[in-house]
Amino acid sequence: MSEMGYQVEAEEPDLALEAEGLAVEPITQWDLFSARLRRHRLAMVAAGILAGLVMLVVAAPWLPLHDPTERLVDEAGRSLVNIAPRQGLWLGTDDLGRDVLSRVIYGGRASLIVGVTAGILVALLGTLIGSLAGYYPGLPDQALMRFTDLVLGLPLLPVAIVVGRILPEIPFLPEWLKQGPFGIALLLGFLSWGSLARIVRAEFLSLREKEFVEAARAAGASDRRIVFRHILPNAMSPIIVTTTLVVGSAIIIEAALSFLGFGVRPPTPTWGAMVAQGGRLAVRGFWWSLVFPGIALVVTVLSINFLGDGLRDALDPTQTIERK
Amino acid sequence: MLAYITRRVVYGVVTLLALSVIVFALLQMSGGGPLDRLKLNPRMQPYIQQLTKQWGLDQPVWKQYLTWLRNYVSPCVERSQGCTETIGLHNAIPFVVLAVAAVATVLIVMKVRTYWRAGLILGLWVVALFVAIQNMTIAFDWGISFQGAGPVWDMIFSRVGATFRLGFAALFLALLIGIPLGIYQAIRQYSFFDQLGTTAAFVTFSTPIFVIAIALQLLLALYLEKWTGVKLFYVTGMNSPDYGDMNLLQRLADILQHLTLPALSIALISLAGYSRFQRASMLEVLHSDYLRTAKAKGLPRRKIVVKHALRNALIPIVTLVSLDIAFIVSGAIITESIFGWPGIGRLYINAIQTVDYPVVMSIVMVIGIGIVVMNIVADILYGVMDPRVRYE
Amino acid sequence: MPEPLLRVEDLRTYFATEEGVVRAVDGISFEMYPGERRGVVGESGSGKSVTAMSIMRLIEPPAGNIVTGQIVFQGTNLLELPEDEMQRIRGGKIAMIFQDPMTALNPVYTIGDQLMETIMLHQKVGRAEAREIAIKALEDVQIPNAEQRLGDYPHQFSGGMRQRVMIAMGLSCNPDLLIADEPTTALDVTTQAQIMDLMLNLAEERGTAVMLITHDLGVVAGFCDTVQVMYAGGIVESGTADDIFHNPQHPYTWGLLASMTRLDDARKHRLHSIPGAPPSLIRLPEGCRFRPRCEFAVDVCRQILPVLSPVGDDGRLVACHRAEELDLKTLEVDAASSPQVDADPAEGVSA
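Protein chains in written order, with this note's numbering: chain G, 1 to 324; chain E, 1001 to 1392; chain U, 2001 to 2351.
Hints may be right or wrong, so weigh each one.
Result set (DSS-like, lysine-lysine): computed pairs, CA atoms no more than 25 Å apart in a straight line [as the list claims (entries may be wrong)]:
id: 1; chain 1: E; residue 1: Lys1111; chain 2: E; residue 2: Lys1307
id: 2; chain 1: E; residue 1: Lys1053; chain 2: E; residue 2: Lys1063
id: 3; chain 1: U; residue 1: Lys2124; chain 2: E; residue 2: Lys1307
id: 4; chain 1: U; residue 1: Lys2093; chain 2: U; residue 2: Lys2124
id: 5; chain 1: E; residue 1: Lys1303; chain 2: U; residue 2: Lys2093
id: 6; chain 1: E; residue 1: Lys1231; chain 2: U; residue 2: Lys2124
id: 7; chain 1: U; residue 1: Lys2136; chain 2: U; residue 2: Lys2124
id: 8; chain 1: U; residue 1: Lys2093; chain 2: U; residue 2: Lys2136
id: 9; chain 1: E; residue 1: Lys1303; chain 2: U; residue 2: Lys2124
Here are some of the chain E residues that sit facing chain G, going by a computed Cβ distance under 8 Å [what the hints assert, rightly or not]:
id: 10; residue: Val1203
id: 11; residue: Pro1208
id: 12; residue: Asn1247
id: 13; residue: Val1329
id: 14; residue: Ser1330
id: 15; residue: Ser1337
Hints in this document: simulated from the structure, not taken from any laboratory. This structure is a prediction, so every number in the text was calculated from the model and none was measured. Backbone N, C-alpha and C define an ideal beta-carbon position, used for all residues, glycine too.
So here's chain G without its partners, still in its complex pose (with noise of 0.2 Å):
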């Protein structure tokens, strides 16, 4: 019984009607859902590109690469800066004869973990909150939601900056925290809860009086297994999309702070801080600095865009635009 809330009851195809092209196939919810995956052929794309690049990443140390911080210098000893791409060295070097080509898979790295790590959390406390905040009505859910607004109305860049800025000087920090990426993502993480955590409400709210959670809860079901088996299942697809749109702008925020100086620090390559300095080298004539890194985190987000749109696609297609 438990099962029914959720799952498609495949039914016995009435032979005799099916005959007459009157019966209707038996279709499951994955068959929906995979065939109108693959209809959107830029998300499938999008996942083989993003699959690439996660393996890219975590291969790095293994590949033939130089050091992303090394400055190379040539048989003569003489340093490698700026030189175009040629062989050997595919992207070229950067003003400090850094091999471009090697920074943009290690920066891949940064951008990768804030995204990802950023995604779980939001994830994380998005589901928890907005789940607490839909199933517990009155006092628990305005204490939950007064809290969820004052988070949204946070302007996200001003104090993403403030604490990118001083993250290092905070005393009490981890070492890992205060330098590397992680410390970006958990900035981000939670900072972005908030929409997440709307839109579970939203869905427990409407979930709860459907008629398979009050039979379950009749059946005598506990809150906690109307929760993990009836409702959370069926709010599945909205809490997957937004996540990924999150974990595309996490990575754009991050971009953005590392540009400014304040996110990821050096010697640890980024995207953002390869823009920045890629783009006072343009101006001089070496353009290989800026395209490439900017090409790579172009490519990254929109292909979890893609995807996201398309698994939107593919999980809800009732969905329309969203108001207010």
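For chain G, the structure is supplied; the task is to place chains E and U on it using the hints.
Here is chains E and U on its own, set in the frame of chain G:
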């Protein structure tokens, strides 16, 4: 209606208080006090103690915060050296004007039920804001810059105009291009143009603003000049140095040459969002029952689109624009530092770099207040445009 | 017989969808005369509304297309008219009232605006005069305080009141034909009869012919002169209301009638229901479209699509191979005669 607005204002104030506490606390966590950097300068040594006392840095943190808060909301007469005098009644003119305008708006929304009331309200506020700014003799005691750049109020008040110019230009461009684009795409759904627009919007939406800004700078200014010899746009500042010697036409051209690229950088991303949203909203209206009624009445297609579809499809965009204000402010922070635009965004970045407490606090609060006010304004506008909305 | 007001000939309206071509209206022909009240009956998806939309030429390409046919209104083929002339007919000579009054009015304009817009469009009068006509129109549909309510927005009216506004709007230009697409389905049962009475009385005063689209046979029985029954995009039977009700000749009509709740014989018989569901309009069955659900089907029904043809001499048209031989009138309506019926009540279709 009044109760609704009051509630919104109370929420807004609570949000702003929370914002100030958070940022104040964060700044306190920064390594060392604001004087640490001054201590490095041997010539400043004698003044350290005096400054510590003067700025109240020897007080407990909560006391410092309360002092800051009290000063932040205390008006006083503007003086070259910060705030020293209290105010008289005549100084309150701008606030009285704004309050009158606010009350008048509420009355119009409640009493006037014609479709041109949006224009009435808009006109009212243009006049009210103009009068208020002209008569602004009040300053607030927002402290003195730790970097020795003078009273914070003066620093911000002299730069806020530049940011307004940039922000409104960006908003104007985004609306002017984005909305017609979305409408046209909806009317020609699935056409080549529609699909091109959708793809372009996706790409733009996924591009960070600093990438767009740098690309525009390089392509439309630097490379354009290098390849064609035409100097169409400038990439730094608001005006040329010889702005004072120009005639009116030259000044206008000079302003546009400086303004276009930074405004476009901010506008492009918003524009992509607006066109997507407007397209969806227009499509929804085009498939509505009341549009079918309009067709069945025998109205010409043009009138159906302009009178019946557009009016409805534009309503939700008001909400989007209000949510977008925060984005435009963020965009201004980044763009101003790329284009050397003398607004509060660039001031903010500079102040953050040196952890200039009073400046950082004040700018964060100005941005926060701006967003809260714009959200309330958008809510009221929504009600003005949609007769179904009742504030409860 | 006078000249027909409207003559529809072999109309075919198809929609292109991802699954295939939907043959929503597939070769229907009928005539309407001035002042006639015609009921168009059928289940949802039978092509009633698409017929109406085709007459108004409100089918939107590229998805929907009138493939072939003629719609001759007062001697002119509407399908050949240029768009601007068609606009003069829409709302002027042919008016239409839709099912859901809650969404059929534009929410951001006052009803006065929307009424006067129609009047000024078709009657070549100024604002002041249009206002007078609008007030008169609202008074005609018995809306109290008509003059004041002109300045109200649609959301300030109840459903029934909005439908009155729609009727006022439809009749304000004295059309020759009023198409009412399920005008009372979305309303409370108590207001349904009021609205229907009001609409038909006003139409009669003006000599307006009414095409009443409904799935409610009771409404048709009470208000219409003639009836056409539609099934899966085609007309299966048409004739005078009296004849159809008392002597149905098509098994589908018979099934519809038998499934009606009737106060006079309640509890005497179990309610009849037609087994199965209407066929997909993309993959229509070979032969007669009703055949898979028909209790009287024989071999010929499996192969040949029956044509709508005269039965008797009272103008009755029936599309059934066995129309002449079946005597449905005397058939005992009883659940026992159709054993499949009770197998799955959920699949039964109530009319």
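*CA of U/Lys2093 to CA of U/Lys2136, is that 25 Å or under?*
19 Å, holds
_Per-residue hint verdict: E/Ser1337, partner chain G, C-beta under 8 Å_ = Status holds, d = 7 Å.
_E/Val1329 was flagged as interface toward chain G. Is the shortest Cβ-Cβ separation under 8 Å?_
7 Å, holds
*Under the criterion of a CB-CB separation shorter than 8 Å, is E/Pro1208 in contact with chain G as hinted?*
5 Å, holds
*asked:* Given a cut of 8 Å on the nearest C-beta pair, is the interface hint for E/Ser1330 held or broken against chain G?
replied: This interface hint holds because 4 Å falls under the 8 Å limit.
*asked:* Need the status of pair E/Lys1053, E/Lys1063: alpha-carbon distance at most 25 Å?
replied: 13 Å, holds
*Taken at face value, is the distance from the CA of U/Lys2124 to the CA of U/Lys2136 at most 25 Å?*
17 Å, holds
*Taking 25 Å as the top limit, are the C-alpha atoms of E/Lys1231 and U/Lys2124 close enough?*
Not satisfied, since the Cα-Cα distance of roughly 57 Å exceeds 25 Å.
_25 Å limit on alpha-carbon distance, applied to hinted pair U/Lys2124 and E/Lys1307_ = 20 Å, holds
*Agreement of E/Lys1111 and E/Lys1307 with the hint, judged by alpha carbon distance not exceeding 25 Å*: Given pair E/Lys1111, E/Lys1307 holds - Cα atoms ~24 Å apart, limit 25 Å.
_With the threshold set at 25 Å, check whether the alpha-carbon distance from U/Lys2093 to U/Lys2124 stays at or below it._
Satisfied, since the Cα-Cα distance of roughly 14 Å is no more than 25 Å.
*Keeping to a limit of 25 Å between CA atoms, is the pair of E/Lys1303 and U/Lys2093 held or broken?*
20 Å, holds
Against the hints set out earlier in the document, violations occur for numbers 6, 12.
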